[in-house]
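Colleague: Using the sequences provided together with the hints, build the complete structure.
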Amino acid sequence: MKDAAQTRILAVALAIATLAACVLALINLQRENGFEIPTDGVTWMESAGGLRADHVPAGSPGDRAGIRTGDILVGVNEHPVERTAALVHQMFHSGIWAHANYSILRPLKHATDLKNAAKLDIQVILVPTDRSINQGLRFIALVYLSIGLYVLFRRWTAPKATHFYVFCLVSFVLYAFKYTTELDTFDWIIYWGNIAAGALQPALFLHFAVNFSDDYKEPASRLRRRILCTALYLPGLFLIGLQSWAIAYWSATGVLRHRLDQISVAYLALYYVTAAVIFRIRYRRAESALERQQLKWLTRGTMLAITPFTLVYAIPYLADVHVPSLLTKLAGLSLVFLPLTFSWAIVRYRLMDVDLIFKRGVTYTLATASLVGLYFAVVALTAEMVHARLPSLKTWGLLLAIIVTGLIFDPLKRAIQGRVDRMFDQRRFDYKVTLVEFGRGLNSQTDLRALLDSIVDQLPQALLVTRVAVFLAHETESRPAQETFELAASHGLTNLSPSELKSLDVGFLDFDRPEANNHLFLENPQQVLRLPEMQRLSAARLDLNYYVPCRVANREGAGTRTVAVIGLGRTNDGDFLSSEEMEVLESLAGYIGIAIQNAQLYRKLEQKITDFERLKEFNENIVESINIGILAVDLDDRVESWNAQMEVLLAKPRAAALRQPISELFPADFIARFNAIRDEQGTHTLYKFRLALPSGESRVANIAIAPLVTRNFITIGRIILVDDITERIQMEAQLTQSEKLSSIGLLAAGVAHEVNTPLAVISSYAQMLTKHMRDDERLAPVLEKITQQTFRASEIVNGLLNFSRTSGSEFTNVDLNELLTDTLVLLEHQLKTAQIRVETNFDSQLPPIHGNRGKLQQVILNLMLNAKDAMFGRPGATLRIATFRGAGRVLIRIQDTGAGIEREHLNRIYDPFFTTKTKPQEGGHKGTGLGLAVTYGIMQEHAGKIHVESEVGVGTAFQLEFPVSSSRTLAPPVAIPVSKQEPDRKTIHA
532 MKDAAQTRIL AVALAIATLA ACVLALINLQ RENGFEIPTD GVTWMESAGG
582 LRADHVPAGS PGDRAGIRTG DILVGVNEHP VERTAALVHQ MFHSGIWAHA
632 NYSILRPLKH ATDLKNAAKL DIQVILVPTD RSINQGLRFI ALVYLSIGLY
682 VLFRRWTAPK ATHFYVFCLV SFVLYAFKYT TELDTFDWII YWGNIAAGAL
732 QPALFLHFAV NFSDDYKEPA SRLRRRILCT ALYLPGLFLI GLQSWAIAYW
782 SATGVLRHRL DQISVAYLAL YYVTAAVIFR IRYRRAESAL ERQQLKWLTR
832 GTMLAITPFT LVYAIPYLAD VHVPSLLTKL AGLSLVFLPL TFSWAIVRYR
882 LMDVDLIFKR GVTYTLATAS LVGLYFAVVA LTAEMVHARL PSLKTWGLLL
932 AIIVTGLIFD PLKRAIQGRV DRMFDQRRFD YKVTLVEFGR GLNSQTDLRA
982 LLDSIVDQLP QALLVTRVAV FLAHETESRP AQETFELAAS HGLTNLSPSE
1032 LKSLDVGFLD FDRPEANNHL FLENPQQVLR LPEMQRLSAA RLDLNYYVPC
1082 RVANREGAGT RTVAVIGLGR TNDGDFLSSE EMEVLESLAG YIGIAIQNAQ
1132 LYRKLEQKIT DFERLKEFNE NIVESINIGI LAVDLDDRVE SWNAQMEVLL
1182 AKPRAAALRQ PISELFPADF IARFNAIRDE QGTHTLYKFR LALPSGESRV
1232 ANIAIAPLVT RNFITIGRII LVDDITERIQ MEAQLTQSEK LSSIGLLAAG
1282 VAHEVNTPLA VISSYAQMLT KHMRDDERLA PVLEKITQQT FRASEIVNGL
1332 LNFSRTSGSE FTNVDLNELL TDTLVLLEHQ LKTAQIRVET NFDSQLPPIH
1382 GNRGKLQQVI LNLMLNAKDA MFGRPGATLR IATFRGAGRV LIRIQDTGAG
1432 IEREHLNRIY DPFFTTKTKP QEGGHKGTGL GLAVTYGIMQ EHAGKIHVES
1482 EVGVGTAFQL EFPVSSSRTL APPVAIPVSK QEPDRKTIHA
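If you read the sequence shown in this note's numbering, its first letter stands for residue 532, the second for the next number, and so on.
The hints are simulated quantities; they were obtained by calculation from the structure and are not laboratory data. Fair warning: there could be bad hints in the mix.
Between beta-carbon pairs, the in silico distance windows are [to be verified]:
(1) Ala-1418 to Glu-1151: 32 to 38 Å
(2) Asn-1206 to Ala-1418: 43 to 49 Å
(3) Asn-1085 to Arg-1185: 43 to 49 Å
(4) Ala-1223 to Leu-1266: 22 to 28 Å
In silico DSS-like cross-links for lysine-lysine, where the CA-CA straight-line distance does not exceed 27 Å [claimed, not checked]:
(5) Lys-860 to Lys-709
(6) Lys-709 to Lys-650
(7) Lys-1183 to Lys-1219
(8) Lys-1183 to Lys-1147
(9) Lys-1135 to Lys-1033
(10) Lys-1135 to Lys-1147
(11) Lys-650 to Lys-640
All C-beta atoms, glycine included, are put in the ideal place defined by N, C-alpha and C.
Modeller: See below:
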C-alpha cells in the first residue's frame, strides 16, 4: 500500500510538472511571437570610452550602415551609452525598422588610445532579432518530451525510468523556455526555469550514464556511487547561485553576460563529453549482448550529437572565435541526434527493458489526476458564475451548482476515460517495431530457402534469443488429411547432427485441433513428461521453449491451417520471453505464414511454368521435326504459327510469315478453296491439290484444314496441314510404269514366240519366189516388198523379245569410255552419212561400273540412233557425248541439237509402242516405240537412273547415272548445266 501511494504521488507530481511545463512553453512561444527585439546585429563589449564593436557580422544592419570591428560607440540618438544595458534601452526606445543615430569613434590603425580618432555619425536601421534557432531548439524539446512520455507510460516499473523521464522533462524545459527580455513576472519564471534546466540537464545526463549499469553490487560500491551522483549536481547548483549573485550584486554588463554564458556552455559540453566517454568505456567492458547493443547506440548517439556541438559551437565560443551563424545553428541543432538515438535504442534494443508488463494503474492515476483537476476547475467556475448571477441562493445555490456540475461531468469523465483506455490498450511494440516491419516485408521474398534463412537470421538479432527453428508442414502419403512438420531451417542448434535432425519426432506440434492455443510453452524442454518417449526425446534435443504456429486461411471453407511452426529458446541472458514479446511473435507469425505460403505457391508455379515450357518446347520440337507443313491462322486469317517445313516448302522464313495474311502467302486458287469451306464444320482435305510456289515450281500436296479450338471448344482460328506428295506421286507413276512394262513384257514374249514361226515361213517362201521370178517385172517388186516387210516384222518381234527377256547375263566391270568409243565406231558411217558432227568429252579418271556390256551398249546405241533421227536433215547437227564423276556415281550425257520433244510427250516416252516418229522425214523410218522402253528396263537392271531434258527447236539431252563398281548405293544425281534450260521443261524419270 505504501508503494502504491508513493507511486500515485509521484505520478501526480510528474503529471503536474509536465502539464505546467507544457503550458508555460506554449505561453512563452505565444509571447515570443508577439514581442520583437530590435537589434543592429553587432556584438558590443564595454571598453574605455564606450562600447567597442567586438564582432560585426557580414550583412548585418551595423555592417550595412558602415560600422567596423573596433569602432567605439559613445552615444545613440544623442544619449551616452557606457553599458550594453543603455544601448538596449535606446534600441527599444527607437523600435524596429527605425533609424538610430550612432555616434562612433574610429581609432586609427595601430593606435592604443582614442587620440586623433575619427568622429562619425552613422544612421543604423534596427531590425528584429533572428530567433529562428529557438524553433529548432523547441523541436528538440518536443522530441525529448515525446520520448520521455513514451518511456514513462511503457516502462514505468523499469529501473531508471523515472530518472530518464525527469531528464527528458528538464531537457524539454531547457530547449523550450526562451525569455523575451520583457522581464515581467512571467518572463522571469521562464528565465529562471531555463537557468535551472541548464544546470540540471547535464548533471542528469551524466548521472544517467554513471548509473546506467548495475555494476555496483557491494554496499560500499553503492554508497560511493550515491556520493558520486550527488556530487554531480554541485556544479549545477553553483551555476544557479552564480547567476543569482550576478543579478543581485554585479553590474549588468555585456562582458559579464558573455562570461556567464561561456561558463554555462563549458559546463554543458564538459558533462556531455564525460557522459560519452563513460558510455564508451561501459560499452567496451559490457559482457551482456543486450547491454552492448544498448550502449552501442547510446554511445554513437551521444558522440554524434556532442561532437559538432563541442567542436563547432562550444570550443569557438569559449575561445571567443567567431563562427558563421549558419554553422552555429547547425551545431546547436545536432543535439537532436541525442534523443533520436535514445529513441532508436528504446525501440530497437529494449533500453531499460526489465519489466515489460504495463502497469495500468499508472495510466489511470495520470488520467484521474488530469480529470480531477479539470473537474474542480469546472466546479469552481460554475460556482463562481452562480454566486455572481444568483447571489440570493447563497450557500444552497453553490451546493446545487456543484451537484449539477458533478452529474453533467460524470458522462464526460467516462468518455475521456474510455478514450484513454482505448489509446493505451493499443499494442505499441516499442523496440519490436522492426519485427513487424520485417514481417510486412517478408511478402517481397519469393524464394522459400532465402525466406527461411532470413527468418532464422532476423529473429535471433531482434529478440536476442539463442536458438531458433522453423518447421514446415507437409502432407503424408498414408494420411493426406493430416499434416506433419519437418525441420526446414535453424539457428543455434549446433548440438544436433544431421542424422539427429532428420530423426526428430515433432508430433506434439498439433495446432489445428479445436482446443489448440496460440503458442506452446515448455518451461523445461528436458522434462516434458506428458509427451510420448520419442517426442519427449526430440523436445529435449531441440531445447526450445516456445513454439508459435504460422496460420493461414484454408484453401476451401472457413478456418485456418498451420503451414509452419517457429520454435524459440531463451534469451542470451537465459530469461524467458515476456507476454508482450509473445504477442508480437504471434502477430509476426501471421505474416510469416502468409509469406511461406506465397513462397510455396511461387515454387509450385515456377515448377508448373518449367513443366509447361518443357512441354511447349517438346510440342514445338514435334511440330518442327514433322515432315509436314503446319501453320495456324487466327480468325482474321493472319498466320500465328509457321513450322520449318513450311519455310522449306514456300521459301518464306518464319519471321516474314508471322502475322501476315494468308492471302499474301498462298496462291489465289487455294485461297478460293479455303474461303469456300470457311463456314463449314469439321476437317476438310484437299487431295492432290496442285500448289503453285512463289519460285514458279508446282508441287502436289494433300492439304487438311481443321478448326483451331480451345478447351472450351471455342474456335480461335484454323490449322492447316500441307503434306507435299510430289515425290510420292512420281514414285507411284514409276511403279505404274514398271508394272505396265512388266505386263507388256510378258505379252511381248508370247507374241514374239507365236509370230516368229509364221514370219520365218513367209520370209523363206518369199525369198524362194523372188529367186524364181527374178525376171518377172510385175511380181518381182511385190515379192521384194514382202521380203522387206517380213524382215521388218522380224525386227519388231526381236525387239519385243529383247524387251521382255529377263536378264540372266553375267555382270562384269565395264569401262564406259571404251564402250562409248566402240559404239561410235559402229555408228560412224551412219553419222557421217547424216552429216552429224560428234563432240566427245570423256573423263580420263572415270571409274568402271558393274554391268552387262552388251545391254549397256544397246542402251547407248538406242539413244544415239534416236539422236541421229532427231537431227536428220537439220543444219549444224551436233551430237555431244560426255562422261562425269559424282559422289559414288558415274554419269553419261548424250545431247543433240535436234527437233526436241513436245512437253506433253515427255511423260510417255518410256511407254512401249509410243513413238514420235509417226511421220519420218525422207530417208528416215517410222519408230517402233520400244527403244526407250527397253533402255528404261536395262537401266533398272543396272540400278541406274535416266533423266531427260528437252526443248522444242533446241534439242534433247539424256543423262545416265550408274553406281561405281565398289558401291551399289544409289546417290542423288549431279546436276549438269544445259544451255537454255527451263525448269518447266525438265522431267526426271527413274
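Colleague: Can the restraint linking Lys-650 and Lys-640 be considered satisfied, given a maximum Cα separation of 27 Å?
Modeller: holds, 14 Å
Colleague: With 43 to 49 Å as the target window, see if Asn-1085 and Arg-1185 comply at their CB atoms.
Modeller: Given range 43 to 49 Å: holds, Cβ gap about 48 Å.
Colleague: Between Ala-1223 and Leu-1266, is the Cβ distance one that fits in 22 to 28 Å?
Modeller: Holds - the Cβ-Cβ distance for Ala-1223 and Leu-1266, about 26 Å, lies within 22 to 28 Å.
Colleague: Given the hint that Lys-1183 pairs with Lys-1147, does the C-alpha gap stay at or below 27 Å?
Modeller: holds, 24 Å
Colleague: Quickly compare the C-alpha distance for Lys-860 and Lys-709 to 27 Å and report which way the hint goes.
Modeller: holds, 16 Å
Colleague: Taking only the CA atoms, is the gap from Lys-1135 to Lys-1033 under or equal to 27 Å?
Modeller: With a Cα-Cα distance of about 24 Å, the restraint between Lys-1135 and Lys-1033 holds, given a limit of 27 Å.
Colleague: For a C-alpha distance cap of 27 Å, please report whether Lys-709 and Lys-650 respect it.
Modeller: Violated. Lys-709 to Lys-650 sits at ~38 Å, over the 27 Å cutoff.
Colleague: Starting from Lys-1183, check that the Cα of Lys-1219 is at most 27 Å away, please.
Modeller: holds, 22 Å
Colleague: Honestly, do Asn-1206 and Ala-1418 meet the 43 to 49 Å range at C-beta?
Modeller: Given about 47 Å between the Cβ atoms, the range holds.
Colleague: Within 27 Å, alpha carbon to alpha carbon, are Lys-1135 and Lys-1147?
Modeller: holds, 18 Å
Colleague: Take the C-beta atom of Ala-1418 and the C-beta atom of Glu-1151, compute their distance, and say whether it sits inside 32 to 38 Å.
Modeller: Roughly 34 Å apart at Cβ, these two residues keep to the hinted range, so it holds.
Checked against the numbered hints given earlier, the structure breaks only hint 6 and satisfies all the rest.
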